[in-house]
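J.: In order, the protein sequences belong to chains A and B. For the first sequence, the numbering used here gives the first residue as 1, with consecutive numbering after it. For the second sequence, the numbering used here gives the first residue as 471, with consecutive numbering after it.
Derived by calculation from the structure, the hints in this document are not laboratory data. Hints are not guaranteed to be accurate.
[To be verified] Ranges between beta-carbon positions, derived for each pair:
no., chain 1, residue 1, chain 2, residue 2, range
1, A, ASP120, B, LYS811, 44 to 54 Å
2, A, ASP120, B, PRO502, 20 to 30 Å
3, A, TYR454, B, ALA923, 34 to 44 Å
4, B, ARG589, A, GLU149, 49 to 59 Å
5, A, GLY440, B, PRO502, 40 to 50 Å
6, B, GLU555, A, GLY374, 47 to 57 Å
[Unchecked claim] The list that follows gives simulated cross-link-like pairs (lysine to aspartate or glutamate, EDC-like), each with its CA atoms no further than 20 Å apart:
no., chain 1, residue 1, chain 2, residue 2
7, B, LYS864, B, GLU788
8, B, LYS850, A, ASP53
9, A, LYS177, A, ASP120
10, A, LYS441, A, GLU456
11, A, LYS406, B, ASP768
12, B, LYS850, A, GLU207
13, A, LYS380, B, GLU886
14, A, LYS380, A, ASP25
15, A, LYS255, A, GLU375
16, A, LYS380, B, GLU927
17, A, LYS441, B, GLU845
18, A, LYS406, B, ASP797
19, A, LYS380, B, ASP768
20, A, LYS24, A, ASP270
21, B, LYS876, A, GLU448
22, A, LYS380, B, GLU894
23, A, LYS341, A, GLU276
24, A, LYS177, A, ASP106
25, A, LYS380, B, GLU892
26, A, LYS255, A, ASP298
27, B, LYS876, A, ASP249
28, B, LYS811, A, ASP203
29, B, LYS911, A, ASP465
30, A, LYS341, B, GLU918
31, B, LYS864, A, GLU424
32, A, LYS406, B, GLU926
33, A, LYS380, A, ASP458
34, B, LYS850, A, GLU375
35, A, LYS394, B, GLU894
36, B, LYS850, B, ASP929
37, B, LYS850, A, ASP298
38, B, LYS850, A, ASP459
39, B, LYS876, A, GLU456
40, A, LYS441, A, ASP458
No residue lacks a Cβ here, since even glycine has one placed at the ideal position from N, Cα and C.
Number of protein chains: 2
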Amino acid sequence: MTAAIIPIILCGGSGTRLWPVSRKDFAKQHAPILEGLSPFQGTLARFAGGGFDRPIVVAGAGGRFMAADQALAVGVAPEMLLEPEGRDTAAAIAAAARLAARRRPDAVAMVFPSDHLIRDVAALHAAMAAAAEAAGAGRIVTVGMRPTEPATGFGYIRPGEGLGHGAARAVARFVEKPDAAQAQALIADGCLWNAGMFCFRADVLLEEIARLAPEVAAAVERGVEEAEDDLGALRLGQGFLAAPKISFDYAVMEKTARAAVVEADFGWSDIGDWREVWRAAPRDAADNAAIGEAVLQDSRGCYVRADAGRLVATLGLEGLAVIDTPDAVMVAPLDRTQEVKGLVAALAAAGRPEATTPARVHRPWGWYQTMDLGERFRVKRIQVTPGKKLSLQKHHHRAEHWVVVKGTAEVTRDHEVLTVRENESVYLPLGCVHRLANPGKIPVEIIEVQTGAYLEEDDIIRIEDDFGRG
Amino acid sequence: MTAAIIPIILCGGSGTRLWPVSRKDFAKQHAPILEGLSPFQGTLARFAGGGFDRPIVVAGAGGRFMAADQALAVGVAPEMLLEPEGRDTAAAIAAAARLAARRRPDAVAMVFPSDHLIRDVAALHAAMAAAAEAAGAGRIVTVGMRPTEPATGFGYIRPGEGLGHGAARAVARFVEKPDAAQAQALIADGCLWNAGMFCFRADVLLEEIARLAPEVAAAVERGVEEAEDDLGALRLGQGFLAAPKISFDYAVMEKTARAAVVEADFGWSDIGDWREVWRAAPRDAADNAAIGEAVLQDSRGCYVRADAGRLVATLGLEGLAVIDTPDAVMVAPLDRTQEVKGLVAALAAAGRPEATTPARVHRPWGWYQTMDLGERFRVKRIQVTPGKKLSLQKHHHRAEHWVVVKGTAEVTRDHEVLTVRENESVYLPLGCVHRLANPGKIPVEIIEVQTGAYLEEDDIIRIEDDFGRG
């Protein structure tokens, strides 16, 4: 029995393809898309049953608290590796491999994107065992998914000869994203989808990276040397930023002589658009998937998402996605949802905040959401996680009324510290220095009524902050 | 020159055909459907240019304050006639005719539904003059609209011979709503749409009603005799309720020997469904009508209504209605929006409050709207019209925090009366007797945060009320 595999979960990046649920500032992997769990949580859960080593999660500064909170919510405490800025997958994987090598130089690790769906976990584990066997023998193994349709959105892998150790075969050829006719031919030829999952021994990988992508290897080495603890995570140093932006496929897989492929079929989807989500969701007799307060009349093959507390009613629709969120609704045919990315780009270009920022804004201490906005006022609901506190701050242009509706808050107001209980309120005049904290064991929720001539987020002067924000 | 025509505007009833904008408790005629004006306001505006006598508005108890407020907003002060309960159009028109006869026994009045659209007001006025000429000569005149398509949703009128006074002709026959083939034949035969507009001399009408529908006439007579002033409106007495529910067409037009018809074409629509609204709305080159924060990409022939403060984005749609409101979104093909009524009936049967009550609830003193709802709290925005006050009240199950965000409120709290200015707040503990009033010249807006275990509207004990509510 070999040592347990170390799952490496790539959790950087942001996704707009499931807009308006996912946004630039709220990545697809963190959106509770399937039965209340996010794809990131689903990814962690696949390795929670024992038999695996502690996962390494590679995240960016933007998503780190979200990743840690969501991991905690499913009972996992991964090793967190922070990139100061994303440098594509070659650098991220190399950095994670260095961490893996610290545990054991010959540790077998396996890389997973955090925003994919896998339905058959037993089949995944079997594929991982096959990949690990070849990786243990010095191979760098990719998982080739058996195609279910002539998709044009993926690269393809043509498997070559067997390698003598288990199910792994050599890679005869990597094929770039094809057109539909080529895709058909590739499938007939036995080619597989390239799904972005890689298995290797840490020492082998680091050696190959150093040989095939020396600039990446050097930058990662410096980044790891300079790395510092940052609130329990390991933050790579600035040296990491010298790494060229290059994918692992391009930097390593397509060049190494050690490439191998394990064929698998475990109900995989990259949930690249709403049609994929619809396919993965439980559906009724009319092929509809309806989430939340949705009422579908005489509608077929639709995905209706109504989890913003509002009723969504459809009549006579066919094959449509109707996605409702607190601040944006999107309606499009499911078979055109791959174009959502372009729609979001157009919205962003037009300066629409809904393109980038979600209605509920997650912060290291909890979240807030604007519930009402008038001419000279704004109403927010704010939730503070037990034990957390917001920054000590003041505003130039607004006064705030806080009404506690759940839990017990500790409020600093200039030189006093007040305990504010459920159904009590406190007034924070313009310019006063204040702080909201939750010293208790349950979440604190407050309704904040801001009044003033300017009510945007950038009117905030932080005097002190637990989370290192300026 | 004859005396000016008295417009009679029928403003009872409720409509769900433009759901979710219109609701059982927010009739279509009051919804700001076209360029910010409601159909009722549009109807009033057609007679505001001078040349008409003061309009008589027949309304129900439910819609009266809304009707009066909307009339005021367009600078009209109609004579208000209140039905204790609706008794269909024969009784409503007879009661209004009695009021018209009080002004002058031989006054010429003309009846209009309040929820129709008329694009060509000059053509309307010309048709009214023609109808009034025949009415002055003792005819009861209906306006026959020149059909634009073989509609199956209207009755048809077959005009007969000329009458010797102006454009009016006798009515050869009234035809019930036909099927499509019959409609085609009726149009080929020169038949006209029956649009529910009637012109008559008050004395003639009352005489015909007494002869042809004596039960209606008797009940209306008693109702008017017992009528009392009710906050500036004339409220018909309970005797009115003895009137049988019967339409004016059936009770009078189809029976009287005095029936006449004036043919007209003034861009009329009964805005019976969203397709009609779309047709009436300004449209872009792709035949889309978009209201509010709507972004349409590669979409054609759609009606997208985004006036709830939320972004509505569409991609690749054709011929769809997307109607967004604060608490409900509806998506349906425009050519099936005549089925919305059935959808709303199904929602109502399922106990969905969105089927009947709008998010913004109008009251005689202004309106309120729930902006956030949590486990033990509710946040409302409340607006109070200048000079108005809510009832003196208390609650058994909730405490309230009020933050004034606009104007200056006068707050009664048990035995004190407080002046609460913008950016000030007041706390109303559970059980305290309180009242909110706006003594100023601009609307007062407050954010109300309710906390408690039960937060529904029926937890209210009214101790005193300006509007006669229990």
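J.: Give a verdict on every hint.
T.: Against the structure, the hints come out as follows:
no.: 1; hint: ASP120/A x LYS811/B: 44 to 54 Å; result: holds (46 Å)
no.: 2; hint: ASP120/A x PRO502/B: 20 to 30 Å; result: violated (53 Å)
no.: 3; hint: TYR454/A x ALA923/B: 34 to 44 Å; result: holds (38 Å)
no.: 4; hint: ARG589/B x GLU149/A: 49 to 59 Å; result: holds (51 Å)
no.: 5; hint: GLY440/A x PRO502/B: 40 to 50 Å; result: holds (46 Å)
no.: 6; hint: GLU555/B x GLY374/A: 47 to 57 Å; result: violated (38 Å)
no.: 7; hint: LYS864/B x GLU788/B; result: violated (52 Å)
no.: 8; hint: LYS850/B x ASP53/A; result: violated (51 Å)
no.: 9; hint: LYS177/A x ASP120/A; result: violated (26 Å)
no.: 10; hint: LYS441/A x GLU456/A; result: violated (31 Å)
no.: 11; hint: LYS406/A x ASP768/B; result: violated (45 Å)
no.: 12; hint: LYS850/B x GLU207/A; result: violated (63 Å)
no.: 13; hint: LYS380/A x GLU886/B; result: violated (30 Å)
no.: 14; hint: LYS380/A x ASP25/A; result: holds (19 Å)
no.: 15; hint: LYS255/A x GLU375/A; result: violated (60 Å)
no.: 16; hint: LYS380/A x GLU927/B; result: violated (23 Å)
no.: 17; hint: LYS441/A x GLU845/B; result: holds (18 Å)
no.: 18; hint: LYS406/A x ASP797/B; result: violated (24 Å)
no.: 19; hint: LYS380/A x ASP768/B; result: violated (35 Å)
no.: 20; hint: LYS24/A x ASP270/A; result: holds (18 Å)
no.: 21; hint: LYS876/B x GLU448/A; result: holds (16 Å)
no.: 22; hint: LYS380/A x GLU894/B; result: holds (17 Å)
no.: 23; hint: LYS341/A x GLU276/A; result: holds (15 Å)
no.: 24; hint: LYS177/A x ASP106/A; result: violated (33 Å)
no.: 25; hint: LYS380/A x GLU892/B; result: holds (18 Å)
no.: 26; hint: LYS255/A x ASP298/A; result: violated (54 Å)
no.: 27; hint: LYS876/B x ASP249/A; result: violated (59 Å)
no.: 28; hint: LYS811/B x ASP203/A; result: violated (69 Å)
no.: 29; hint: LYS911/B x ASP465/A; result: violated (45 Å)
no.: 30; hint: LYS341/A x GLU918/B; result: violated (39 Å)
no.: 31; hint: LYS864/B x GLU424/A; result: holds (19 Å)
no.: 32; hint: LYS406/A x GLU926/B; result: holds (19 Å)
no.: 33; hint: LYS380/A x ASP458/A; result: holds (15 Å)
no.: 34; hint: LYS850/B x GLU375/A; result: holds (16 Å)
no.: 35; hint: LYS394/A x GLU894/B; result: holds (19 Å)
no.: 36; hint: LYS850/B x ASP929/B; result: holds (15 Å)
no.: 37; hint: LYS850/B x ASP298/A; result: violated (35 Å)
no.: 38; hint: LYS850/B x ASP459/A; result: violated (26 Å)
no.: 39; hint: LYS876/B x GLU456/A; result: holds (19 Å)
no.: 40; hint: LYS441/A x ASP458/A; result: violated (30 Å)
In summary, the numbered hints that this structure violates are 2, 6, 7, 8, 9, 10, 11, 12, 13, 15, 16, 18, 19, 24, 26, 27, 28, 29, 30, 37, 38, 40.
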